[in-house]
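S.K.: Below are the chains, spelled out letter by letter.
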Amino acid sequence: MKALGAIAAAGLLAIGAGAANLASAEPAAPAPPPAANVARASLDGEALFLKHCGYCHLAGGTGTIQLERRWGKERALLTERTDIPADYVKAVARNGVFSMPPITRVEVPDEELDKLAEYLAMPDKKAAQ
Amino acid sequence: MPELLPPHLNSSAFARALGAFAGVVGSQWVLSSEEDRGTYIDPYALGDGLNHATSAAVAPASAEEVQAIVRLANEHRIPLWPTARGKNLGYGWAAPAMPGTVVLDLGRMNRILDIDPKFGHCLIEPGVGFYDLYNFLRDNKIPLWMSTPGNAWGSVMGNALERGLGYTPYGDHAAKICGMEVVTPTGELLRTGMGAMDGSKTWQSYQHGFGPSWDQAFVQSNFGVVTKMGLWLMPEPEMTLRAKIELPNADDIEWAINELHQLRLNNVVDHNFVFGNYLHDAAVLSQRSEWYDGKGALPDAVADKMMKHYDIGWWRFTLSVFGHEGIVRAKEQLVRKALEPHLGKPIEFVEWHRGDPIEDSAAGRPSALALQIVNWWGGRGGHMGFSPVMPPDGALAKKTFRAMKARFEEHGLDYYTSFTMGHRHINNVNILLYDRDDADMVSRTRKLFHTLIGDAKAAGFGEYRTHLDFMDPVAKSFDFNDGAMGRFNEIVKNAIDPNGIIAPGKNGIWPSAYKAAGTGAGA
Numbered sequence: 002m003k004a005l006g007a008i009a010a011a012g013l014l015a016i017g018a019g020a021a022n023l024a025s026a027e028p029a030a031p032a033p034p035p036a037a038n039v040a041r042a043s044l045d046g047e048a049l050f051l052k053h054c055g056y057c058h059l060a061g062g063t064g065t066i067q068l069e070r071r072w073g074k075e076r077a078l079l080t081e082r083t084d085i086p087a088d089y090v091k092a093v094a095r096n097g098v099f100s101m102p103p104i105t106r107v108e109v110p111d112e113e114l115d116k117l118a119e120y121l122a123m124p125d126k127k128a129a130q
Numbered sequence: 442m443p444e445l446l447p448p449h450l451n452s453s454a455f456a457r458a459l460g461a462f463a464g465v466v467g468s469q470w471v472l473s474s475e476e477d478r479g480t481y482i483d484p485y486a487l488g489d490g491l492n493h494a495t496s497a498a499v500a501p502a503s504a505e506e507v508q509a510i511v512r513l514a515n516e517h518r519i520p521l522w523p524t525a526r527g528k529n530l531g532y533g534w535a536a537p538a539m540p541g542t543v544v545l546d547l548g549r550m551n552r553i554l555d556i557d558p559k560f561g562h563c564l565i566e567p568g569v570g571f572y573d574l575y576n577f578l579r580d581n582k583i584p585l586w587m588s589t590p591g592n593a594w595g596s597v598m599g600n601a602l603e604r605g606l607g608y609t610p611y612g613d614h615a616a617k618i619c620g621m622e623v624v625t626p627t628g629e630l631l632r633t634g635m636g637a638m639d640g641s642k643t644w645q646s647y648q649h650g651f652g653p654s655w656d657q658a659f660v661q662s663n664f665g666v667v668t669k670m671g672l673w674l675m676p677e678p679e680m681t682l683r684a685k686i687e688l689p690n691a692d693d694i695e696w697a698i699n700e701l702h703q704l705r706l707n708n709v710v711d712h713n714f715v716f717g718n719y720l721h722d723a724a725v726l727s728q729r730s731e732w733y734d735g736k737g738a739l740p741d742a743v744a745d746k747m748m749k750h751y752d753i754g755w756w757r758f759t760l761s762v763f764g765h766e767g768i769v770r771a772k773e774q775l776v777r778k779a780l781e782p783h784l785g786k787p788i789e790f791v792e793w794h795r796g797d798p799i800e801d802s803a804a805g806r807p808s809a810l811a812l813q814i815v816n817w818w819g820g821r822g823g824h825m826g827f828s829p830v831m832p833p834d835g836a837l838a839k840k841t842f843r844a845m846k847a848r849f850e851e852h853g854l855d856y857y858t859s860f861t862m863g864h865r866h867i868n869n870v871n872i873l874l875y876d877r878d879d880a881d882m883v884s885r886t887r888k889l890f891h892t893l894i895g896d897a898k899a900a901g902f903g904e905y906r907t908h909l910d911f912m913d914p915v916a917k918s919f920d921f922n923d924g925a926m927g928r929f930n931e932i933v934k935n936a937i938d939p940n941g942i943i944a945p946g947k948n949g950i951w952p953s954a955y956k957a958a959g960t961g962a963g964a
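Residue numbers (the numbering used here), protein chains in the order written: chain A, 2 to 130; chain B, 442 to 964.
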């Protein structure tokens, strides 16, 4: 399988970028009420992708780095891909691939996986926003 | 994947039990298809992971549903393996110790129930992930900081229950637990600490309660199912300093551990941090094939090349100082005085003040980037940690790392190590990286792991946490008075869990009902 590993001299900067692009926290704010999680049903495909896949599949994330090593920079970011059918996304999520662990139905129920797979399968995701 | 049943049950009895579970949670939350069972197999297992395969999973949505499931499990004799978000990577994922155990997946219970900005604590359910809590604090502008572990994909509660570590002053996660709600193995709901009082106003304020303090007995144990956890959060400091420090030579470990120990012991540096070798970072940034194609452990000359390429030392660590400006400045001088004479140059700190971009601070920020290391060999990778607890002594650390490195080389594996600097201990986390599909490498890795358990035991050191495959031998290495601790654990286990249904085999604790099935030993 080593042949799949496209050699990429990932710079130290990639580490600094991190998987999440997080804004700075403002200090000394008034106390909010106890948390209530966003109702799951309200999330669209893109939001579900960010919630469930964003850990590894945003810029600088571990999934993005691994995809770049295998397939090159232009195929590394899932949000920029135009060639991944929804069924393929679902199969990878449920079975895992290489170092990516499988995702349980508890973590991402079928109806959510359907929506996020549809989103990833869209050729022009920007138009969907 | 072959059909699998819990021990002592036939398929129709098992089907009846699953039907009863479905009556509680709904049939969509009883997962027993081959595909679903596959999602609970350890993706980084040494080999195929089927030695810890589950027979099904059941996912309750509330403590009441957990109680109902636990009662039914007693009635139907179904062993359950509770898991929070199941991301215990390197230690077995969500998979159970005993094959056929049903996974009790608590991931649907994912509410942040309370955050108290004034008193600095939260109350959370098992399914709350590090990102969830981090985002909640950020989105609501709550000036409390979390501690996050190296891989933050998982559950805040699950990580604390496994004694996971982060790198702020609140990084000893189990030590920051304050009050739990627990479903006992017979299905009763109890609250620990001050929460044992109905209407208590101090559940998350004081850790011990009245009488025996039970929170820590539910950590790394199988004495109950934790459904809520109180956790202390760190007030945002006025400022932080953070520095990445490189040590060029392997032998620098001796002076460094001695100086760092003094800084930790005296709370000049009041957080755990990782003192790791070059591979700790190189395995994130690159793959082995970029450096070396040979068999056997990575030669030192190749390691030198890696260090030069990335301009990193043999050892590196990130050290931070947190607090009010006056305190931070005073501590900065103490850190400089301790380390700079050895380094021969000034330490370059990144300075952060409240209001600056959080990226410059020493705050814990969740990331899953560390998972990159499993890609070291290519193919289906895996990693496993062998992590004995040692005294923080420089000469000992040097001797130990030399001996460990020789063991890795004997087994043809690349030496990846780190020493986490605790308050009065160091935790020598050695990561064994392997290709799961290389049977010979898997076998060498397993052999190395057993050898390391033996070496550590002979030197008087035991592991702080281990993978499912090694829970029994590691538990056995705690053998004072012919294993009195293990016997005591089993007496407690059998008393509170007469049917042995909660997590048989967890950390080597086997209830009578499954001792023979789980260990092959006489019950």
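If you are wondering where the hints come from, they were derived from the structure by calculation, not from laboratory data.
For clarity, every value in this text was computed on a predicted model and none was experimentally measured.
Each hint should be verified, as a subset may be incorrect.
[As the list claims (entries may be wrong)] Which residues of chain A face chain B? A few of them, derived with a C-beta cut under 10 Å, are:
id, residue
1, GLY61
2, GLY64
3, ILE66
4, PRO86
5, VAL93
6, ASN96
7, VAL98
8, GLU108
9, ASP111
[Said to hold, decoys possible] Where chain A lies over chain B, by a calculated footprint (3+ residues, C-beta under 8 Å):
id, segment
10, 546-554
11, 656-664
12, 819-828
[To be verified] Listed next, with one range per pair, are the computed distances between beta-carbon atoms:
id, chain 1, residue 1, chain 2, residue 2, range
13, A, ASP45, B, ALA658, 43 to 49 Å
14, A, PRO110, B, GLU789, 34 to 40 Å
15, B, SER953, A, ASP45, 49 to 55 Å
C-beta atoms are modelled at their ideal positions from N, C-alpha and C, and glycine is treated no differently.
S.K.: Against the earlier hints, flag every one the structure doesn't satisfy and list their numbers going up.
M.R.: 4, 5, 11, 14
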